Amino acid sequence: DGGITQSPKYLFRKEGQNVTLSCEQNLNHDAMYWYRQDPGQGLRLIYYSQIVNDFQKGDIAEGYSVSREKKESFPLTVTSAQKNPTAFYLCASSLRRTDYEQYFGPGTRLTVT
Amino acid sequence: AQSVSQHNHHVILSEAASLELGCNYSYGGTVNLFWYVQYPGQHLQLLLKYFSGDPLVKGIKGFEAEFIKSKFSFNLRKPSVQWSDTAEYFCAVTVFGSGNTGKLIFGQGTTLQVKP
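The listed protein sequences derive, respectively, from chains U and V.
According to this note's numbering, the stretch in the first sequence is residues 1414 to 1526, in order.
According to this note's numbering, the stretch in the second sequence is residues 6 to 121, in order.
This is chain U alone, in the form it adopts within the complex (with noise of 0.2 Å):
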């Protein structure tokens, strides 16, 4: 089955630790996104990349990294410095940097303490 997994579900850490969130998806598609979900603010992109070995900023990309070593591939890094990183992650992804069908992953619920 073609699609994109993000691992683990539930993610719960204590308040000054980084914390790494999977996404990986195997429909052969270039670009990722990351997304945050919280409630009643829709979705706000995290980070994209287009391309491997390339990524953007998003519009909230303050406290979070990413890397895109692999097409198939692009976890993200909630680190120490997001001040706020209890939320709803969801990764993303589509065909082309410009076929914007994005396909959603589950998502990862981080709650830290």
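Just so you know, the hints here were simulated from the structure itself, not pulled from any lab data.
Take the hints with a grain of salt, since some may be wrong.
To be verified - Quick list of simulated restraints, FRET-style, between CB atoms:
#1 N1439(U) - P45(V): 23 to 31 Å
#2 K1422(U) - T116(V): 18 to 26 Å
#3 E1482(U) - F56(V): 26 to 34 Å
#4 K1422(U) - S85(V): 17 to 25 Å
#5 T1490(U) - Q50(V): 22 to 30 Å
#6 S1435(U) - T116(V): 45 to 53 Å
#7 G1429(U) - P84(V): 50 to 58 Å
#8 T1490(U) - Q87(V): 40 to 48 Å
#9 N1439(U) - L51(V): 12 to 20 Å
#10 T1433(U) - P84(V): 44 to 52 Å
#11 S1420(U) - T116(V): 43 to 51 Å
#12 K66(V) - A1494(U): 39 to 47 Å
#13 K66(V) - E1428(U): 36 to 44 Å
None of the values given here were measured: they were computed from a predicted structure.
The beta-carbon is built from N, C-alpha and C at its ideal position, and this holds for glycine as well.
Start from chain U and add chain V according to the hints.
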């Protein structure tokens, strides 16, 4: 900055009632328009999209949306809702132009609750 506004944050309907969810965007250039749906416990999935052509687009599960360029709107409709339509609905827009990469801009979402 471009933005997407969904007017209804929480809608409660009885089964068989008609649905219309409002979506407006603020951008005067070329856009692609989407409605996504997130059923409880499931992935966010595409309901329908508009890229060009007929402004009335049909999606899955009996949903449709109409693009009205003059009103910067892309409202979602369904003539008769079912209990299984209970979900959160997101309108999204990509814009094109100098300096834009066509990223998706989402509205705040509308929670639809359908009572059996």
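Now the hints, each set against the structure:
no.: 1; hint: N1439(U) - P45(V): 23 to 31 Å; in the structure: 26 Å, holds
no.: 2; hint: K1422(U) - T116(V): 18 to 26 Å; in the structure: 21 Å, holds
no.: 3; hint: E1482(U) - F56(V): 26 to 34 Å; in the structure: 32 Å, holds
no.: 4; hint: K1422(U) - S85(V): 17 to 25 Å; in the structure: 34 Å, violated
no.: 5; hint: T1490(U) - Q50(V): 22 to 30 Å; in the structure: 27 Å, holds
no.: 6; hint: S1435(U) - T116(V): 45 to 53 Å; in the structure: 28 Å, violated
no.: 7; hint: G1429(U) - P84(V): 50 to 58 Å; in the structure: 53 Å, holds
no.: 8; hint: T1490(U) - Q87(V): 40 to 48 Å; in the structure: 41 Å, holds
no.: 9; hint: N1439(U) - L51(V): 12 to 20 Å; in the structure: 19 Å, holds
no.: 10; hint: T1433(U) - P84(V): 44 to 52 Å; in the structure: 46 Å, holds
no.: 11; hint: S1420(U) - T116(V): 43 to 51 Å; in the structure: 27 Å, violated
no.: 12; hint: K66(V) - A1494(U): 39 to 47 Å; in the structure: 42 Å, holds
no.: 13; hint: K66(V) - E1428(U): 36 to 44 Å; in the structure: 42 Å, holds
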